[in-house]
Every structure is written in C-alpha cells, then in structure tokens.
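Enquirer: Got two chains here, separate frames each, mind docking them using the hints?
Chains as they are written, first to last, in the numbering used here: chain A, 1 to 118; chain W, 1 to 583.
Just so you know, these hints were derived from the structure itself, not from any lab.
Just so we're clear, the structure is a prediction, and the values are computed from it rather than from any experiment.
Yeah, the Cβ is synthetic: ideal placement off N, Cα and C, and Gly gets one too.
A few of these clues could be false.
[Stated by the list, open to error] Covered stretches of chain W (in silico footprint by chain A; criterion: 3 or more residues with CB under 8 Å from a CB of chain A, positions within the stretch not fixed): (1) 400 to 411; (2) 419 to 425.
[Unchecked claim] Which stretches of chain A does chain W cover? Using the computed rule of at least three CB atoms under 8 Å from a CB of chain W, they are: (3) 3 to 15; (4) 19 to 29; (5) 105 to 114.
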Amino acid sequence: MGPTILIVDDHPSFRASARVVLESDGFSVIGEAADGASALTECCRLRPQVVLLDVQLPDIDGFDVCEQITSYLEHPTVIMTSSRDPADFGPLVTTSGACGFVPKAELSGERVQELLSP
Amino acid sequence: MSGLRRALGLVAIEGVVVGLVALAIILSSDHVEARALQGVLAVFIGWSWIGAGLLAWWRRPDNRFGVLMTAVGFAFFLGTLNAANARWLFTVGVLVSSVYFAVFVHMLVAYPDGRITSGRLRRVVGVGYVIAILGPLPSLLFATPERLDCDDCPESVIFIRDSGTLYTIFDVLTSLIAVVLVGYVVFVMLARFRDAPQTRRRAMAPVVWSGAGLLIVLAGSLLSMAVGGPSSISDATMLLGLALFALVPYGFVFGILRSRVLQAGAVTEFLHRIGDGPDPSDLRDLLSTALGDRSLQVVYWLDRPGKWVDAAGHPAVLPPDDDPARAVTRVDREGRAVGALIHDRSLTDDPELVGSVAAAAGLSIENERLQAQLRARVEELRASRARIVAAGTAERRRLERNLHDGAQQRLVALSLTLRVAQARLHEDPDAAEAMIAGAQEELTLALAELRELARGIHPAVLSDRGLEPALAALAGRSPVPVEVARTPEERLPPAVEAAAYFVVAEALTNVVKYAGASQARISISRSNGHAVVEVTDDGIGGADPTRGSGLRGLADRVSALDGMLELRSPEGAGTVLRASIPV
Numbered sequence: 001m002g003p004t005i006l007i008v009d010d011h012p013s014f015r016a017s018a019r020v021v022l023e024s025d026g027f028s029v030i031g032e033a034a035d036g037a038s039a040l041t042e043c044c045r046l047r048p049q050v051v052l053l054d055v056q057l058p059d060i061d062g063f064d065v066c067e068q069i070t071s072y073l074e075h076p077t078v079i080m081t082s083s084r085d086p087a088d089f090g091p092l093v094t095t096s097g098a099c100g101f102v103p104k105a106e107l108s109g110e111r112v113q114e115l116l117s118p
Numbered sequence: 001m002s003g004l005r006r007a008l009g010l011v012a013i014e015g016v017v018v019g020l021v022a023l024a025i026i027l028s029s030d031h032v033e034a035r036a037l038q039g040v041l042a043v044f045i046g047w048s049w050i051g052a053g054l055l056a057w058w059r060r061p062d063n064r065f066g067v068l069m070t071a072v073g074f075a076f077f078l079g080t081l082n083a084a085n086a087r088w089l090f091t092v093g094v095l096v097s098s099v100y101f102a103v104f105v106h107m108l109v110a111y112p113d114g115r116i117t118s119g120r121l122r123r124v125v126g127v128g129y130v131i132a133i134l135g136p137l138p139s140l141l142f143a144t145p146e147r148l149d150c151d152d153c154p155e156s157v158i159f160i161r162d163s164g165t166l167y168t169i170f171d172v173l174t175s176l177i178a179v180v181l182v183g184y185v186v187f188v189m190l191a192r193f194r195d196a197p198q199t200r201r202r203a204m205a206p207v208v209w210s211g212a213g214l215l216i217v218l219a220g221s222l223l224s225m226a227v228g229g230p231s232s233i234s235d236a237t238m239l240l241g242l243a244l245f246a247l248v249p250y251g252f253v254f255g256i257l258r259s260r261v262l263q264a265g266a267v268t269e270f271l272h273r274i275g276d277g278p279d280p281s282d283l284r285d286l287l288s289t290a291l292g293d294r295s296l297q298v299v300y301w302l303d304r305p306g307k308w309v310d311a312a313g314h315p316a317v318l319p320p321d322d323d324p325a326r327a328v329t330r331v332d333r334e335g336r337a338v339g340a341l342i343h344d345r346s347l348t349d350d351p352e353l354v355g356s357v358a359a360a361a362g363l364s365i366e367n368e369r370l371q372a373q374l375r376a377r378v379e380e381l382r383a384s385r386a387r388i389v390a391a392g393t394a395e396r397r398r399l400e401r402n403l404h405d406g407a408q409q410r411l412v413a414l415s416l417t418l419r420v421a422q423a424r425l426h427e428d429p430d431a432a433e434a435m436i437a438g439a440q441e442e443l444t445l446a447l448a449e450l451r452e453l454a455r456g457i458h459p460a461v462l463s464d465r466g467l468e469p470a471l472a473a474l475a476g477r478s479p480v481p482v483e484v485a486r487t488p489e490e491r492l493p494p495a496v497e498a499a500a501y502f503v504v505a506e507a508l509t510n511v512v513k514y515a516g517a518s519q520a521r522i523s524i525s526r527s528n529g530h531a532v533v534e535v536t537d538d539g540i541g542g543a544d545p546t547r548g549s550g551l552r553g554l555a556d557r558v559s560a561l562d563g564m565l566e567l568r569s570p571e572g573a574g575t576v577l578r579a580s581i582p583v
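So that you can see chain W by itself, here it is in the shape it has in the complex (with noise of 0.2 Å):
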C-alpha cells in the first residue's frame, strides 16, 4: 500500500508542477484575454480533475477510473499550450487542445468500472480521440489568425492557404461526428444508469447526470458553431461547458462522501433494527434493504457435515467465483466461516459497505446458522426416519419371501411326500422307506434354512452371550480369514451391541463380495465415551460408499444412536468401515 501511496504522491507533485507551468505559459500569453481570470480557471480545473482522480485512484487502486481521471486533468493541462506565443508551441496546443475532452469521454464510457468490455464502445472512444485531434486540424490549416477572431495568435506553423470554404467543411464535418458520438454516449450512459442497480446509482447519479449534462451543452455548442449561430451562443455555451468541467469532478467527490454516509447510515439503521431479534426472513430483508440488493440470499454455513444451506436447512450452491451476475461476501465470526451473502456483483464495487454490513449481520448470521443446522438436522432426521421405516418394510418383505419361497416349500413338499409314503406304506414298503428318507433330508434342509434365517433377524447368541462370541461365529462362517482383534470385556447396551454386529456383519459380507481381499480384522473398542467398531481388509479398495443400500441402511442404524459411520476406501489400500457409537 504504500508504494501505492507514494507513487500517488509523485504523480500529485508531478500535477502541482505542470499546472504551474500551465500559469505561467497563461499570464505570460500575448494573445489570451483576461489572462489572470483564465489562468486561475486553468489551474482550478485541471487540479480539481487530478485531485479527485488521486482520490478514486487511492480508494479503488484495481478500478482504472481515478486513472481515467488524473488524465483528465493532465490532458486539460495540455491543452493550455495553445496560450503559448512560439508558433510551434502554439500550433501542437491548438492540435491537442480537445484532447482533455477524448479523455473525458472515454472516462465516462468506461465508468463506472474503468473498463471498456464492448467492442463497439472502444471503437466510439477510438474515434473521440481522433476527432478530437482532427478538429481544430482545419483551423491550422486553413485559416488565418484573423479568420478566427484572434488577431495576436500566432500563425500556425502547418498552415497552407487561408481558405473560407475548405476551413468551413472539415470544421462543420468534424463537428457532426463529435455531435453525434457525444449524443451516442449520453445515450449509452443514461441507459447504464437505468438498469444499474439501486445501490450503484447512488454513486453513479452525480457523475452521470454532470457528464451528460456537460455533454449536451457540449453537443449545443458544437452544433451552434457548425449552423454558424452567433458567436454570443457558442461562447455562452462554451462557458457554461466550462463551468460543468470543473464540477464534475466536485460531483464525483460527493458521490463518494455521500455513498460513505447512505453507507454509515444504512449499517446504522441496520443495526438498529437488527437489535429486535429478526426472525430469518426479517434478517434477509433488513440486508436487502441495508445494500439496496433485492435479490440478496443469506446462505449458512454447516461444520458438520460441511455444507452451505438456507435458512429452511436446504442445501445451496455458491455462485463460482467467476459468475458474471453473482458475487458471494463471506461472514465470519472469530475466524470461522458462518454464513455468506450471495448478491449483485455490482456491490463489489464498495466492498466497504458489503464488509460493513456482513460484519454488523455476523451475530445474528450465527443465530441463524444454528437455526438451520437444527433445521437441516430435522430434515436430516425425518429423511433417516423415513429410510428407517423403508428399510423395515423391505426387510418384512424379504423375510416373508424367503420364509415362503424356503423353508415352507420344503414342509409343503414334506407334507405331500410323506402322505403318499403313507398311503404306499403296506403296498409298496421298500418305496415308502425311500420316500421317508427322502423326506428326512428335506426336513435337515428346512431346519437349516430356519435357523440361518432367524439368525439374520437377530442372532441369539448375541443377546445371550454378548459380542465376543458372535463375533467369532461371524468371523468363522466368513469364507475370507477373519482375525477378531479386540472386543469390550465388559457387554454394551443391546442396541449398541446389536449395530456393532450388524456393521461388523454387512462389512464382512462387503469384504467377501468385493474387496478381493485375502483376510480381514475386527476391532471394537470403547474410547470417549464411544464404541468404535472397525472392519479393516487388505483389499483392493475403491469401496463407494454410494453403492447398494447396505451401507444407507447402516448408517441410519448407527445414526439412530447418535452415531457416525465412516468408510476409508483408497484405490489399492484396502478398505476401514468404521462406526463410532456413543455409549
């Protein structure tokens, strides 16, 4: 910052130094009237121009606009060169005497930015340049110092011949085209401001309204000269163009006094009515009203599990960085991340103002935030609750069908089996005796299905006897080598146990379809006031924890507990399902 400041502070001396020297080429003229009156205006003028550009400049070093109008002043500065008496001098200050004026133009194009982006628009400064040193070309070339009312100026030194006619068409031709740029450009500056947004047109009226009242009377000037109206009207006008110069800059001042007020005003009155306690909706409206954004959006922030949302707990999505609509002004509070105001891009431009705001909202930003987190918990809860309750109904629907399908058709089968043996009992024994047998081997099937599947709806040996044997039963029917690493000597509450083993049950059922792994170890520990159930495989990896509803099912199943699973699957490494459960 401050070799900003200091290289400011060369160009400020640098404009004291060439004002001054625009004085004294004024006061020592010999064909410029009421000389003092002139050279003060000049100076008054150009340094006001620099001034208040150094100003813009200071405040905003990234917008070029306060360079835009420092060089305003300079060129403004160039221009009093046509007051020299040296021919030569005399001839290049007439040459680029409008000059100030090219630079005006392309100032007010490109604010409030200080940036060009239309093609077209570059192309209409282009030309304000050119016809800015095209115009006076005809009165250098072709008319004497008499033919311009200014006996004692010095001849130019490009003159060629005095010529009435010649002089007449290139000036009322030059001065068309600059009459209808200038028209072109308070037209593209009126329809900037009209569709500018509230909070911009506060900044942006006093420059518009001077730069394009400064633009008609120019435009009037120009067309009176070209009509040939008297010289009474030209002069007045050219006057009174004068007078709104050396305003402009004055309004461009005020414009950021006055944002700076409507600023501390609004972070005030926002304070203020931020005190009675809004409820969330309130709270984006006093933030609206406060930037004068209509479209304002307060997002919150989610440590756990590290998401933006509403404030009806919905997930949002930021805008990216480079949105051309949108800007995002983060909200912290002692260095942690809250919330963030998603807004018009043009408030960037007063970031001061956004900042001010964002950090008096920081308090009841945080309030919300813990609002929405309780609120997207309850959304969070009511969508495991409704999965929970899914997941029962499939799981019935699963038992039924495996209990009709299974073990029942066996008995059926059985059944019939066992009646015709019966029936063939003193007819045809040696058939019975094979149907009987037969019937036997159905019977060991359909016991083993029964048993299989009550242990799947909850294994006895896990309420009788705790995890430790379960465990090993799991490890032992795992085709995949399973080492039980480490159990709790002491029993868990039955849910907790009865998650532990499930988690255990449906990470080894993974591990054996997927991971390709050749053994696989169980961990369950107490820690914190936590149970930490660990399935750990030396697999391939890659686990998506996305994938079958398995996993869905289990999370909700620990998370009914307060509980938190997690899955460490990286290509190649091996596969950790981890379930800490608070006990």
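Chain A extracted, bound-state conformation (with noise of 0.2 Å):
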C-alpha cells in the first residue's frame, strides 16, 4: 500500500478526479475535506502522511492551513496545487512550509512521489 493522503479542496470534482488518479497510482486516499476547518481536524484525526492542499479555499487562505499543519511537532508533508499557475504565487510555496507545487491539471500518482523523495 503507498503513502496515505488527504486531498483538501472546495471543488468536489476535483476532490473526485484526484481520488481516482492518485488511487489509480497506488496511494492510498484515507480522506477528503472542502474548507481550511476541517482540513485542520481530519489532519489530526487522520494523521495522513501526505496532504493534497489547493490554495484558495473558501474559509482560511491554503497558504495559512499550510503554516499551520507545518508547525505541529509530527506533522505530514503538505503539497500545494491549484488551477493557476505556481508563478502567481512568488515565493508562498517555499515559505508556507509546503514540500512542493503540483498543477491541478498536472496532478498524478507520480509527481507526487518525485516530490516526497527529494
């Protein structure tokens, strides 16, 4: 079984394509969550290793969902993604604490991993 993760995005198709892509590539999708709330809470219920963030939520902003799973002592590795292109975001990814970026578009089972093993 690959690596647990949890996809957080206010979007239920894509919540649903990105099941089927990363389940297809051997992850394991433990949950899902569609505001910067819960994905605050099933992060600690779930404890999944990895978390699918978009960016723009409807509630807390991804990149302050980001700092804040980030700063928990045991904490999963956190992937942005978004449908606009990394460059409209300048240097957040680096600092938000996220490992990496991955295009909404361009998401699958294997940009994932290249991200997780640097």
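Expert: Here it is as structure tokens:
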C-alpha cells in the first residue's frame, strides 16, 4: 500500500478526479476536506502522511492552513495545488512550509512521489 | 396694513386728547409751582413717548416694544392726576404717579424684542409695578401736606394719622427695594448689550445708554431721599432724571434713523465693492461686513438634484425654522431660489437690512451658484468616476473568480479523468469508456459556463445584430414573462445600446429576484434626442433605489453618457425603471 493522503479542495469534482488519479497510482486516499477548518481537524484525526492542499479555500487561505499544519511536531508533508500557475504565487509556496506545488491539471501519483523523495 | 394704520391713528388721537386733559389739570392746579412750564414739559414728555412708541409700533407690528413705549407715555399722563385739586383724584394721582416708571423699566427689560422670556426678569418687572404703587402709599397714609412741603396740596382721602416714623420707615424701605431693582435692571441691560452682535448693538446703543443713565440717576435720587440728604440734591437729580426721561424716545428714533443710514451705507458700500467681481470667499466676507455678522454663511440652491450646497459644492443643511440661534434669509432672482444667507437670528429684527443686502447680492449669488453647481457636478463626476473604476475592478475580480471556479475546474477535472482513462484504455476498456463519457458531459457543462460568462461581459448578438434580438434573447431567458413592446428601428451608438441592454438586464434580474411580478414589459424609444429605456413590471413595488450596487452602477454607467436613471416604485403598484440617454 502506498502513502496515505488527505485531499483538501472546495470543488467536489476535483476531489473526485484527484482520488481516482491518486488511487490508480497506488496512493491510499484516506479522507477529503472541503475547507481550511475541516482540513485541520481531519489532519489531526486521520494523521495522513501527505496532504494535497488547494491554495484557494472558502474560509482560510491555503498557505495559512499549510503553515498551521507544518507547525505541528509530527506533521504530514504538504503539497500545494491550484489550477492557477505556480508563478502567480511567487515565494509563498516555499515560505509556507509546503514541500512543493503541483498544478491541478498535471496531478499524478508520479508527480507527488517525485516531490516526496527529493 | 390699513387696519393697523387706522388703529394707530386712533391711539394717536387718544394720546393728543389725554395730553390736553393733563395740560388742563396742571394749568388749573392750585398746588403746582411754575404751572405753565410744568404743563408744557409734561405734555412734551408724554407726547414724545407716545409718538416714538407709535413709530416703533408701526415699523414692527410684531414687536411689542412699540406698545410698551406708547404705554409709558399714557402712564406718564396718568401720573399728572396728582396735580388735580379734588381730594380723591389727587389721591389716585399720587398713587399712580410712579407707574410710568414701572412701565419704563418693563420696556427696558423687554428691549429689544418687546417680550420677556426669562421667569426671573418677569418677576423683577412685577415687583417694579408693586413698588411703583406702594412707594407713594406712606405719603398718603402717614403724612400731612405740611410734612411733604406741599402746603397747598389737598389732603389724601386715605390719610390715617400723621406719623414721621412710620412714613420714614416705609419710604426708606420701598426706596431701597426700588434702588436694588433698578441696579439689577441696569446690570441686565448692560450684560445684554455686551453679548449682542455688532448689528444689534448699533440699534440698541441709544436706548441702552439713555435708559441706563436714567435709571442710575433715579437710583441716586431715591438713595439721596432715603438717607435724608439735602432736598436740593434730590430736586436736582429729579430734574436731571426728567430731562433724560424726555430724551429716551428721541434716542430711540435716532437709533432707528441711524440704523437706516448705516443700512443704506452698508448696502451702498456693498454694492460698490461687489462690482469688482468677488470670488466666493470675498462674497461671504462682503456680506458678513455689510450685515455685521461674522458667523454669516452663504449657501446656494441647485435645481438638479434639488439641494443646498456651499461654495465648494459640498452639501449644506439649513437650520430649522425654530432654531434659536440661526435664521435663514432666502435669496431669489426672477422668482427662482438661487441661494440663502444663514445668519444670526438677531438680524431678523432688521429684515429690511438683510432683505436689501440679499437683493443687492442676488446677481453675485446667482453667479456663485453657477460656480457652486459646477463644483458640485465636478464633485459628483469625481465620485462617479471612482465608483466606475471600483466597479470595473470588482467586475474583473468576479470574472476571474467565475472562470476559476467554473470552467477552469471542470477542465482540470476533465484533464485528470482523460489521463486516467488513457492509462486504463487497454487493461479495462469498459471503465475507460465510462470515464470518457463522463468527460464529455463535463466538457458540455464547461462550454455552457464559458458561454454564459462571455455573454455577461458583452453579448455578441447585441453588437452583431442590435438591440431587438438581444432584448428578445434576454426576455426569452427570463423566468417571468417579458414583452418587448418597442425597440428603435435604426441602430443606436454602441455605448448607448450597451447601456440600454444592461439597464434592461439589471431591471429583469431585479424583477425576478424581488418584484414578485407576473409579467414585465420592455420599451426603448427615441424622443427629443434621447433614447428612453423603460422596464415596467406589475409586481409589489416599493423598490429601494439604494439597494445593492446594481442600480448605483447602472446610474453611473448612464450618467457617464450624460443620461439620467429614474426609479418609480410606489408600494403595491409595480416598478418602472427608466433611463434616458442622449443620442
């Protein structure tokens, strides 16, 4: 079984597609969250190894969620995702404590795996 | 006015008759010395007061000051009854001989409005009347004519017994009360004079100074009598007092004349200086100087949108009619309001002055009004430009958001699905086929969203085919039945067509959201060089024009084309949104 992963995104269609893609590439999707607040609670409850985190969430900004998650003592690896271009966010991805960024349209198990094993 | 004039004429005739009667009483008196001189002096004083009082009464019928002055004259004649030879007439005459002085104090306290608003001052005046009656009483009750150095005087009808002690005690007591009272009134008058604005002081000065002088002389005379000073002093002060008393009405007439002369001077000076074409702050200063009111404000009336503004074009508020401190004098030109002066309420005592200055300033105020109108318009344009920019930014944000949340998300999902389907094409063709079918549906939805979004930015059919098909399409998509009653046959300029289209689109959105209407009607016609867009519904009415940013944005859009947007929405009687745009 591959690494456990939590998908955080407010668009159900993306969560469904991401689940299919990641599961077919060997990941174990153990949960989904639609906003920042539930992302934090699900993260504590499920203790995933990886969090796939959308930048734009309806309540808390994705980068702030990332900072909170990575401030925990034993925290999962966070991978930011968005349908926008990563260049739009400047240095925010690295400063927020995320391990990397995957554009939504290019999401695959392979890309996530690459970021996890530097 | 003729009724007032007739009444004042009657009072004047009564004054003449009463004066002649008083003269006859004094001339036939057997206990008055220098009868001819005394008689002439008495008539002169009484008539002076009545005459000046009538003048004041006529000039300011609403001000009771004139009535009080006239009353002083009549009360003075009443006092001459003490020259009568008959015992009971003499007694009454002595009793009321000082009443004129109480009326005089009443008048001074009531100056310049003729009304006493403070309860304490009203009590002071009341005590004045009581003291005026009580003052001579001891001489009637406890003194023989000999004790009063008037051997020829008739004996009082209420004489009890001759008592030097009782007479002195009562006399000193009433005199002291009178002195305190008079001192207090002088204090009140001077304090009031000090607090009055410049213009009011000019008119007040003669009355205040002669009144205060007279009161001080009277107080000195009473004090000298009370402490039993030599009779030469009290006689001299009494004579001085009488002379001053005769002068007060002339002081008042002088005050009126002087204020007229000053007023004419102020208006002339004002006219002279205003010819130099003042700028707005100069106009205010000139008016302020001419009226002697430093707090003066000038405001201007704008017909469209019907509001008061200051010289800078900022909205201004007029004080209410019952404001105790400020009053408003409107300035009209050719029957139209052009502006108003907001000034100290005391200036309403002299409406002719304010009126003539306002009339003289009419042309300048009209010019300033046009300037203020221009500034208000610039202010409005600046605000609407800022709103248009803000609305543009908000609109771009909304578009980005819609693209991101809508079509873009669907395309992302589509891309992922296709990738998985491709990977499974060989090992699990059935699953791959189902995925491709799902992707097809997703693509249809994404296209629909893109179409909707593009139409919101600018409907292509409007630019390609004109208003009629564009409005028909809007009507066709509306859940409420819409009739397109009228559209212009020829094309309008693109900006006008777009504004008209968005007015209709916003109106229909509101009809669906709020109006509870069963149908709506669109009409666009050309009239008087304007395109007139009207959207009518049969809904509940009562729409609030300030609700939401939609209408505000439309109003800005329409006014950017020099047009006007109006909303008529009476409760329960449907709504009409009407835009009229110059073509």
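Enquirer: Count the residues of the segment 19 to 29 of chain A with a beta-carbon closer than 8 Å to any beta-carbon of chain W: does the count reach three?
Expert: holds (count 3)
Enquirer: Closer than 8 Å Cβ to Cβ for three or more residues is the test here. Does the segment 3 to 15 of chain A pass it with chain W?
Expert: holds (count 3)
Enquirer: Do three or more residues of the segment 105 to 114 of chain A come closer than 8 Å to chain W, measuring C-beta to C-beta?
Expert: holds (count 3)
Enquirer: Do three or more residues from the segment 400 to 411 of chain W put their C-beta atoms closer than 8 Å to C-beta atoms of chain A?
Expert: holds (count 6)
Enquirer: At a Cβ distance under 8 Å, does chain A reach at least three residues of the segment 419 to 425 of chain W?
Expert: holds (count 4)
No hint from the list above goes unmet by this structure.
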